[in-house]
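Chemist: For this one, chain A is given, so just place chain B on it according to the hints.
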Amino acid sequence: MESAYDLERVRRLARATSVAIDQLWSTASDDPAARDALDAVRLTRRNLEDHWMPLLGQIIASRALLAWDATGPVPARSGPRRSGRTDPQRRAQDTQLLDDLLLVLYDLTSHDPADRPTDAELHQLAGELAQRAHHSDTVADRLLELAAITPSMALLTSLADFPDLVTVAALAGALTTDEPVGALGTRHHLEAVTAAMTGLLDTPQAALDVLLMPGTLAALGTWELLDDDLVQEFVVTALHDAVAADPRRRRDGHRVLAELTRLTGATLDGGMQAGLARGVAASMTGYVDTLAPAVRREGGREVLVVLDDEELVLGTYEQVTELFGAMLRDPVAQVSIGLAAGAYATAVVDARGVEIVRGSHLARVTRFADLLGDATRSEQAELVVAAAAAEAARRRLGTLVGFGVSVGLTAAGVGSLLRSATGRVVSAVTDRLADVEPGRMPGRPIPAAIYDVITTSAIALVVRDPALRRPLGLGDVTSTQWRGLADRMTGIDRTDDPVERARQVLRLERHIEDEIPDLDHYLREVRDVENLDELTEDRRPEG
Amino acid sequence: MNATARADQLRRRAAELRTLATTIEAGPVMRLEQLAGDDTWRGLRPTLCRTLLATNVHQLHQAAEDLRWQAWLFEQRADELEVIARQQLQTVHHPFGRVG
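In order, the protein sequences belong to chains A and B. Using my numbering, the letters of the first sequence correspond one by one to residues 1 to 543. Using my numbering, the letters of the second sequence correspond one by one to residues 1 to 100.
Fair warning: there could be bad hints in the mix.
To be verified - Reference listing, derived: stretches of chain A covered by chain B, where coverage requires no fewer than 3 residues with Cβ under 8 angstroms from a Cβ of chain B: (1) 40-53; (2) 140-146.
Stated by the list, open to error - Sample of chain A residues lacking proximity to chain B, with all beta carbon distances greater than 10 angstroms (derived): (3) SER29; (4) ASP36; (5) ASP100; (6) ASP137; (7) LEU190; (8) ARG358; (9) GLN380; (10) GLY484; (11) ARG494; (12) ASP514.
Unchecked claim - Among the chain B residues that face chain A by a calculated CB cut under 7 angstroms, a handful are: (13) THR23; (14) GLY27; (15) THR40; (16) ARG45; (17) ALA63.
Rather than coming from a laboratory, the hints here were simulated on the basis of the structure. Computed from a prediction, not measured in an experiment: that's the story for all the values here. We put the beta carbon where it would ideally sit given N, CA and C, even for glycine.
One chain only, chain A, in its complex shape:
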C-alpha cells in the first residue's frame, strides 16, 4: 500500500485528536444506566491515546522513517521503478546511510552549535545520499518522505546533485512547512530554503516543478523574510527560462499564472512579496502573446488561454486585472509589464508585415493595454508602465515576445537576453522618469502610450522596408517624403523625455495627415480595429 502524508494536515489532525481525547476524558456520568456508553467512550479514548497519537507524534517528530518500517518501502512517486533486487550488503549500507541521515537531521535541530554537524560532514553525507538516490528507489523514496517532513532536507539537497524529484520535494516541503520540525529555528529554516532555491537556479525545469507544487506560490508570495532578488530570479528561472528551454512547458507556466490569479483574490489579497511580483512581471514577455488574445473586456468573462493542445482558464477579466494590479504595486514590476506591453505591440506590427491592415491582431494589443489601464491604481504607476512600453518599442524588443521564436537568439541563452534587456529598460526608464513630474502626464497614459507605439511601429514598418510600400498602397509617396519621415522617426527615437516624445509623435501624425494622404489612409486602415481609437482618449497633455 502506498504511504504518504501531508505534514500540515497531520499537525492539524494531531491537535484535533488531542482536543478529542481531552473531551472524552471529561465525559462522565454517575448513572449506572450510562455504564455501557462510558465504556464506549473509554475505548475510543484509549484508541486515540494508544494508536493515533503515537503515530501522529512520530510523523511530526521527523523520525517517522522508523515508524514507516511497518509498512515497508513507500512508493511515493511515479515512473518506472528499478528492480527490487538489491545486494544484501548494499542494502545494509543504504540502511546505515539512512540511519546516519536521521542522526544528522536530528543534530541539525540542536540549538547548540557544538552539536550541529560540520559543513564537511554535511557535504559528505549529501554526496553519498545523492549518489545512492540515483541508483536506489528505496533510498530515493525515503528521501522523498523526509522531504515532506523537515526543511533540513532542503539544505542537504542544495549540497549535492540529488535527483530533481527529491530536490523539488525538499524545497516544496521546506516552503510549505509552517513551523520548523524539531524546533529547527527560523534562521536555519530560511537558510535551508535559500540554499535550495539558489541550487535550483541551474535547473529551470525543476524550479517550475516547485511552483506547480501546492502551497509553494502562496509561501513565496507571503514569506517576507525571503530575499526579494532571489525570489525574483527563481520565479524568472521557473516561469520564463524553463519554458524558453522547453516550450511544451508553456501550459505549466500558464497553470502557475492561473493559480496566482486565484491566490490574488485569496491568500495574496493584501499584496504579494516584491520578488514574486517582479519575477512574474519579468516573465510576462513570454506569456503576453498567448495571454493578450485571451483578454475580453467584460468583468465576469473568463480569460481563456488557447494553447496548441489545450485551453486553460486563468480567471475572469476582473480577477486577471486584480493579478496585474497586485504586481503593478511594485515599481520594478511596473517597468517589466510596460516592457512586455510595448514589446508585444511592436512584435504584432512587425509580424504582420503587409497583412497589418487586415485582421484583428491589433485589437489584442489594445485589449491588453486596456487591461493594464484598468489594473493600474496610481498615476505614478501608469507613468512608469507607459514609459517602459515606449522604451521597449524604441529598443525594438519585439523579439523577446513569446518563447519559441527567441530560442537561439544569443549564445548566452534567452534567459540572459531577457534579463539584460529588462535591466537596460529598467535603468533607462528610471533615468528618464527621474526628472519628469507626474502632473505633466495625461490621466490615462498606458493605452495612449500603446497607441503611440502602434502608430510609430506601423510607420517604421514601411519606412524600413520599401518592399511593403506598393502592396500597402504607398507607391506614390516620394523618396523625399520617405527621407523626411525617416528623419522624424530618428528624432522620436532619440528623444528621452516621454512627454516631448509624445508631442513629436502627434506632430508626425499631423504632418502625415496634412502632407502624405496615402500614408494617412494606411494609418487609418491600421487603426481600423476594435477599440483602437478609444486609446486616444486623454491621450496627451495640452500645449
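Modeler: Below, chain B alone, put in the same frame as chain A:
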C-alpha cells in the same frame, strides 16, 4: 420514596442521559474522520487507525441511541408513576374512597 418523587428522579436521570448522549455525539471525536482522510495520511497504519476510529464512532452512536432509549424508558416509567400517584391522591380525597 413516594411515586411522585420516584417519577421526578426518573425524569432527572432521563434528562441527564439525553444530555450525555448529546455530549457524546457532538464531541470533537466525531469530526476526526473528516480530518483523517487520504489527503492527510495514507498507508497501512493510518488505515488501521481509521478503521479503529470508525468502529469507535459506530459504538459511540450506538451508545448514544441506547442512552436515549433508556431515557425514554425512564420517562415512560415516570409517566406511569405519575398516573399512579394521581390515582392514589384521588382515592385518598374522594368521599367514597374511589375514583369514578
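Chemist: Hint by hint, say whether it matches the structure.
Modeler: To see whether the hints hold, each was checked on the structure:
1. As drawn, the stretch 40-53 of chain A meets chain B at 8 residues by the rule of a beta-carbon pair under 8 angstroms; at three or more, the given contact holds.
2. Check result for the stretch 140-146 of chain A against chain B: violated, 0 residues qualifying (beta carbon to beta carbon below 8 angstroms, three or more required).
3. Under the 10 angstroms C-beta cut-off, the non-interface status given to SER29 of chain A relative to chain B is violated; the minimum distance is some 5 angstroms.
4. Annotated as non-interface, ASP36 of chain A brings its C-beta within 10 angstroms of a C-beta of chain B; the closest such distance is 6 angstroms.
5. Here ASP100 of chain A stays apart from chain B, with its beta-carbon at least about 24 angstroms from theirs, past the 10 angstroms limit.
6. The Cβ of ASP137 of chain A sits about 17 angstroms from the closest Cβ of chain B, beyond the 10 angstroms cut-off, so the non-interface label holds.
7. Its beta-carbon lying about 27 angstroms from the closest one in chain B, LEU190 of chain A satisfies the requirement of being farther than 10 angstroms from that chain.
8. The beta carbon of ARG358 of chain A sits about 52 angstroms from the closest Cβ of chain B, which is more than 10 angstroms, so the claim that it is off the interface holds.
9. Once the 10 angstroms rule is applied to beta carbons, GLN380 of chain A is consistent with being away from chain B; the minimum gap is 45 angstroms.
10. The claim that GLY484 of chain A lies off the interface holds: its Cβ sits roughly 70 angstroms from the closest Cβ of chain B, which is beyond the 10 angstroms cut-off.
11. For ARG494 of chain A, the requirement that its beta carbon stay farther than 10 angstroms from each beta carbon of chain B is met, with the minimum near 61 angstroms.
12. Distance check for ASP514 of chain A against chain B: the nearest CB is about 70 angstroms away, which clears 10 angstroms, and the non-interface claim stands.
13. Evaluation of the THR23 of chain B hint against chain A yields a held restraint, the C-beta minimum of about 6 angstroms falling below 7 angstroms.
14. Given hint, GLY27 of chain B at the interface with chain A, holds; its Cβ is 5 angstroms from that chain's nearest Cβ, closer than 7 angstroms.
15. A distance limit of 7 angstroms between C-beta atoms decides the matter here; for THR40 of chain B the minimum to chain A is near 4 angstroms, and the interface restraint holds.
16. The restraint placing ARG45 of chain B at the interface with chain A holds, with a minimum CB-CB distance near 6 angstroms, inside the 7 angstroms limit.
17. Against a cut-off of 7 angstroms between C-beta atoms, the interface hint on ALA63 of chain B holds, since the closest Cβ of chain A lies about 4 angstroms away.
Hints 2, 3, 4 from the list above are not met by this structure, while the remaining hints are.
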